[in-house]
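Keeping their order, the protein sequence lines are chains A and B. Numbering-wise, numbering that gives the first Met the number 0 puts 148 at position 149 of the first sequence, and it's gapless, one number per residue. Numbering-wise, numbering that gives the first Met the number 0 puts 525 at position 526 of the second sequence, and it's gapless, one number per residue.
Don't take every hint at face value.
No copy labels: a pair is met if it fits in one copy or bridges any two.
[Claimed, not checked] Dumping the calculated SDA-like pairs for lysine to any residue here, alpha-carbon to alpha-carbon at most 25 Å:
(1) K489 - D391
(2) K77 - T39
(3) K179 - H93
(4) K280 - S225
(5) K337 - S107
(6) K485 - V540
(7) K55 - D429
(8) K388 - F89
(9) K282 - A226
(10) K388 - D81
(11) K282 - P228
Quick caveat, the hints were computed from the structure, so don't treat them as lab data. Computed from a predicted model, the values in this text were never measured in an experiment.
What follows is the residue order along each chain.
Number of protein chains: 2
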Amino acid sequence: MKICGFLQKNNSLDEKGRLAGQKNLLSCDNSDRDARFRLTETDFSNLFARDLLPAKNGEEATIQFLLELVDILTNYIKKTFDRSTKVLDFHHPHQLLEGMEGFNLELSDQPESLEQILVDCRDTLKYGVRTGHPRFFNQLSSGLDIIGLAGEWLTSTANTNMFTYEIAPVFVLMEQLTLKKMIEMVGWPSGEGDGIFSPGGAISNMYSVMIARYKYYPEVKTKGMSAAPRLVLFTSEHSHYSIKKAGAALGFGSENVILLSTDERGRVIPADLEAKILEAKQKGYVPLFVNATAGSTVYGAFDPINEIADICEKYNLWLHVDGAWGGGLLMSRKHRHKLSGVERANSVTWNPHKMMGVPLQCSAILVREKGILAGCNSMCAGYLFQPDKQYDVTYDTGDKAIQCGRHVDIFKFWLMWKAKGTIGFEQHIDKCLDLSQYLYNKIKNREGYQMVFDGEPQHTNVCFWYIPPSLRSMPEGEERREKLHKVAPKIKAMMMESGTTMVGYQPQGNKVNFFRMVVSNLAVTQSDIDFLIDEIERMGVDL
Amino acid sequence: MKICGFLQKNNSLDEKGRLAGQKNLLSCDNSDRDARFRLTETDFSNLFARDLLPAKNGEEATIQFLLELVDILTNYIKKTFDRSTKVLDFHHPHQLLEGMEGFNLELSDQPESLEQILVDCRDTLKYGVRTGHPRFFNQLSSGLDIIGLAGEWLTSTANTNMFTYEIAPVFVLMEQLTLKKMIEMVGWPSGEGDGIFSPGGAISNMYSVMIARYKYYPEVKTKGMSAAPRLVLFTSEHSHYSIKKAGAALGFGSENVILLSTDERGRVIPADLEAKILEAKQKGYVPLFVNATAGSTVYGAFDPINEIADICEKYNLWLHVDGAWGGGLLMSRKHRHKLSGVERANSVTWNPHKMMGVPLQCSAILVREKGILAGCNSMCAGYLFQPDKQYDVTYDTGDKAIQCGRHVDIFKFWLMWKAKGTIGFEQHIDKCLDLSQYLYNKIKNREGYQMVFDGEPQHTNVCFWYIPPSLRSMPEGEERREKLHKVAPKIKAMMMESGTTMVGYQPQGNKVNFFRMVVSNLAVTQSDIDFLIDEIERMGVDL
């Protein structure tokens, strides 16, 4: 492959002058002049990984290889936002495993040329799913934030580890300052609050259960669950399954995670919580922990935190708020009231990688009481965290975590916050919620649609059945239920085959499969919502 | 800031022709022609995040912004491998928090210009640590693999999630095929073996304990630890603290993680394991799980797996091999004998992000028995993993994991394997071990050095004291111990202040602080080892 061109720096200006408004901030001073990249003709068919840095004279091949990759990536990015491209080019597992047009997934003993590696990169993107496409509505995490992406590219280039200040000085401080801002948003009094970024909401929720147990029964850390009475945890029947997973993993047992009834909107009924606490106590169990969900996965429901907090105070229970999905609303003056009472929680899960558009993975566990996170998790491994370092080792975070090494998840989020400001996140949240409102208003009385629950959506989740014409006059009953149950999977399969859009569906309780629409991508417009509805109708009309 | 230049595609060839040896594989066919990037003059001081895609007409600003970033990153990469640059430019936390030359870490309500964002990116790298520098020896994970880096850039651009085939078809299959290769390397019989990538070795080890418990006491999943007798786990006193953390987290209690004595090289003494099993049984405890470390953190010791496996078979215990650090040696025909017996393990932790140079995070938990991983972790969340999809849902991995969302850690590793081949990893391993041998031979009889243990290193870990001239004639005793304890921290502090190199130190048991040298970076040469020794002597001569 041949590429011709040049790119050279032809100005040299002073980097030090970083005063506001001054131009040319990025150019370099004389002591630290960097050559800008220059693209040259490169034939990658005879180059291999071993020819790249640190190989002798590997610099040029390295730069050219990375620029080729960037060319592939920037083209992918452009297409991601281009509505004339597909969301995906679907193939079944066996098709991809058999090798599509030479795209061979098998690994071998011998190296491939860099040319083939670049082809592999292109094919990997080609057969993947464009999660940043404005018509991808399938998951709570969607979108492709360019600043966040830049943050990830830098993070992987820095390739370091969060466990000590020694090897991640800047990132450790960014994490601390960002957690402080998040804690302010939660509303805990100044001086309170601690936290850490974890690999995802399930792990953050697991932290909350561990810390609650440590608070009330610290001896479990050393002696195990036999040192505690038979503990029970409470969470909504609509809550994320990670609370149950945490119960199973941490030795409580999933049966001791008691599910709370919800109202028709999927919100916990506080009276049911109190009744189940009393029932558990009567049976000899000891209630420990209540999870209130702020933004449930399917309905987007916000449990009434204040009423739950009253009960937790009355019975001296740990209150956790799982705001993995809804925590982002704290950034919006218009919508943060939905988490009213969150400042009374003992711990909060909040995933910026969901509603705030931060690239995966970015999840925080916030804990009101200072020191308890370290108390719960520290093992004081002297061989890893030496107290006799020359800097203030209280900045080392490793012993707070259940992990040892920890990926740098903070930088992309910090950089996005810098680039957007708090108001940028607020606009993002408000816009996505407006779009859900638009969808709700569009379909609530439209022929062929039935809402799963009445009333305006609390979050961006809009849950609905599409009723094909053939079912519209059918009487309620088992036959109609069975037929309706198959509608969403059929439409979804058609969507994936045609690649035009993607939206999730699921059953819930005794409700047959329905669509769950969510918006978290800033690229979405009303026209994309209209497109989704048109597609559903186009595909569903003959079912 | 002004940049002039152009880069344009000036050939157009057929992409479909991917036959071996054929040129121009990367160029595009007519149906899918991508414009190559073209750099233009861009003034970023009046551009903001909101001007980038998905903004209308945001494409040009987006591409230019990313290319500027790539310019910063490629310059950083070049310097990383340049021995005339420092490993780090050390500052204390308070200095960075006060703001270095305008580098302000605080977040604010209002957005910053893209020009400032690019400056922030440059500063973030400037005040960080070059973990890929050939003289960075501080951690088990080091190096900057260009293919791995390319893999991470692509991964973050694809920004998807491993939980279902639906949204990560290619990555899910890559994970499956790569795990299969790793399982072959472990040596389990064909048809056996399962696994998953986790956020790090500590979580992988936690998986192993959970799965062992599920195997012997499946009812703990639902009923909690009260459904099991008082279980104990065994691991070496030299093993990683994550086994103890898992014991604490999962409800066993850290005191029920029984530490095994080791020989002078840090290897478990099998007779001690058997004695402690019997002792525990006599006290009414039930032994469950034994961890054998393959490559300990400090000494790089390999526990004798076969002898431990014999005991595990005799007493019907789960055998886990923590090969987070040493697992990579399975790729080397010369060194894999150090893990002899690993094929008898029930589970294995193996972190490609350590010895194999894969960027963070990349850790696998491998489990011999098929199905048990899902059995242990599944919660059958129908609302997340719908059984009525149009593809084979056995490829969905989400319910196997303790996580829900899961970052794509596989692609960089798969791409490196493609680009290097198995033989490339073997060469990497062999070269690093040769360098450790070189260091060992250089210092074992050198004046002023004392080895922490006798004999050749098993892994790349070389542990030694540097004895400054002032201590060389001092008699053994408490005074000398106290003085020697301070030598490594003092030299380390000087190293960090001068920024020339970084190496770890720690105490271990009753041994005072000593240096632990490790090599996992392919960029390291004998001259870098020589440099380290020169630096230690230069800095330590007057202590």
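Q. Looking back at the hints listed earlier, which ones does the structure fail to meet?
A. 10
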